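Same order as they appear, the protein sequences are chains A and B. Heads up, the first sequence is in the numbering used here, so the first residue is 1 and it goes up one at a time. Heads up, the second sequence is in the numbering used here, so the first residue is 1 and it goes up one at a time.
Please note that the accuracy of each hint is not assured.
Ranges of calculated distance between the beta carbons of each label pair, as one might list FRET restraints [what the hints assert, rightly or not]:
| # | chain 1 | residue 1 | chain 2 | residue 2 | range |
| --- | --- | --- | --- | --- | --- |
| 1 | B | Gly52 | A | Thr52 | 26 to 36 angstroms |
| 2 | A | Glu64 | B | Val12 | 39 to 49 angstroms |
| 3 | A | Asn17 | B | Val15 | 12 to 22 angstroms |
| 4 | A | Gly62 | B | Ser67 | 38 to 48 angstroms |
| 5 | B | Val15 | A | Pro18 | 16 to 26 angstroms |
| 6 | B | Thr111 | A | Asp9 | 40 to 50 angstroms |
Chain B residues, not near chain A, derived (Cβ > 10 angstroms throughout) [to be verified]:
| # | residue |
| --- | --- |
| 7 | Trp7 |
| 8 | Pro14 |
| 9 | Gly16 |
| 10 | Gln70 |
| 11 | Asp71 |
If you're looking for bench data, these hints aren't it; they were derived computationally from the structure. Just so we're clear, the structure is a prediction, and the values are computed from it rather than from any experiment. Heads up, the beta-carbon is just placed ideally off N, CA and C, and yes, glycines get one too.
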Amino acid sequence: AQSVAQPEDQVNVAEGNPLTVKCTYSVSGNPYLFWYVQYPNRGLQFLLKYITGDNLVKGSYGFEAEFNKSQTSFHLKKPSALVSDSALYFCAVRAYGGSQGNLIFGKGTKLSVKP
Amino acid sequence: SQTIHQWPATLVQPVGSPLSLECTVEGTSNPNLYWYRQAAGRGLQLLFYSVGIGQISSEVPQNLSASRPQDRQFILSSKKLLLSDSGFYLCAWETGTAGYGQYFGPGTRLTVT
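Just chain A, same shape as in the assembly (with noise of 0.2 angstroms):
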């Protein structure tokens, strides 16, 4: 079965700080790996996401996400951070080849970024 864990539920960093937002997961094969960001009472934004190739990934606003298979992991940062870019944020993971509709998704992590 497939699984995506975000262990923490939240994460507080100060302005300017590098952030991670950390994410693993669990699926038979090779993943296909997505980030998404939620402001309040907003839809989810696309942020980026890893298919194949290059294990570093960029993408919106700054971030950039690494795939690290050994670790089936798919950690989200960003050098520099933003009080704008507090938020709700989403790992999901779905497996290549796998069937349509069991893209899966993480509880999600808060992210706070203070002044």
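Got chain A; can you put chain B on it based on the hints?
Below, chain B without anything else, positioned relative to chain A:
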């Protein structure tokens, strides 16, 4: 470019009343469509998905139903709302390619009183 719409944006309904939420997608054909519910601003619960007109798969048995009367229209309904139906309802679309990713609408905040 593709656009996804949901309405209404907010809705307050009494227990026992009917529900109809609508989602439409522009700029693409034959999308896969999804309804999710989000409680308390956290995890997503997949409710229904559809790979074509009239084709609906239900993920969780509940008080809700879904229909897809047109290629780019997805409707979430209930005959009688329960208090537990309150939440933030999100519609999403994707192409038939598994690695494309899902794209979400702005959501509908439903409060059942």
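Hints and how they fare:
no., hint, in the structure
1, Gly52(B) / Thr52(A): 26 to 36 angstroms, "holds, 28 angstroms"
2, Glu64(A) / Val12(B): 39 to 49 angstroms, "holds, 41 angstroms"
3, Asn17(A) / Val15(B): 12 to 22 angstroms, "violated, 47 angstroms"
4, Gly62(A) / Ser67(B): 38 to 48 angstroms, "holds, 41 angstroms"
5, Val15(B) / Pro18(A): 16 to 26 angstroms, "violated, 48 angstroms"
6, Thr111(B) / Asp9(A): 40 to 50 angstroms, "violated, 25 angstroms"
7, Trp7, "holds, 13 angstroms"
8, Pro14, "holds, 22 angstroms"
9, Gly16, "holds, 26 angstroms"
10, Gln70, "holds, 19 angstroms"
11, Asp71, "holds, 16 angstroms"
Figure legend: structure checked against the earlier numbered hints; hints not met, in rising order: 3, 5, 6.
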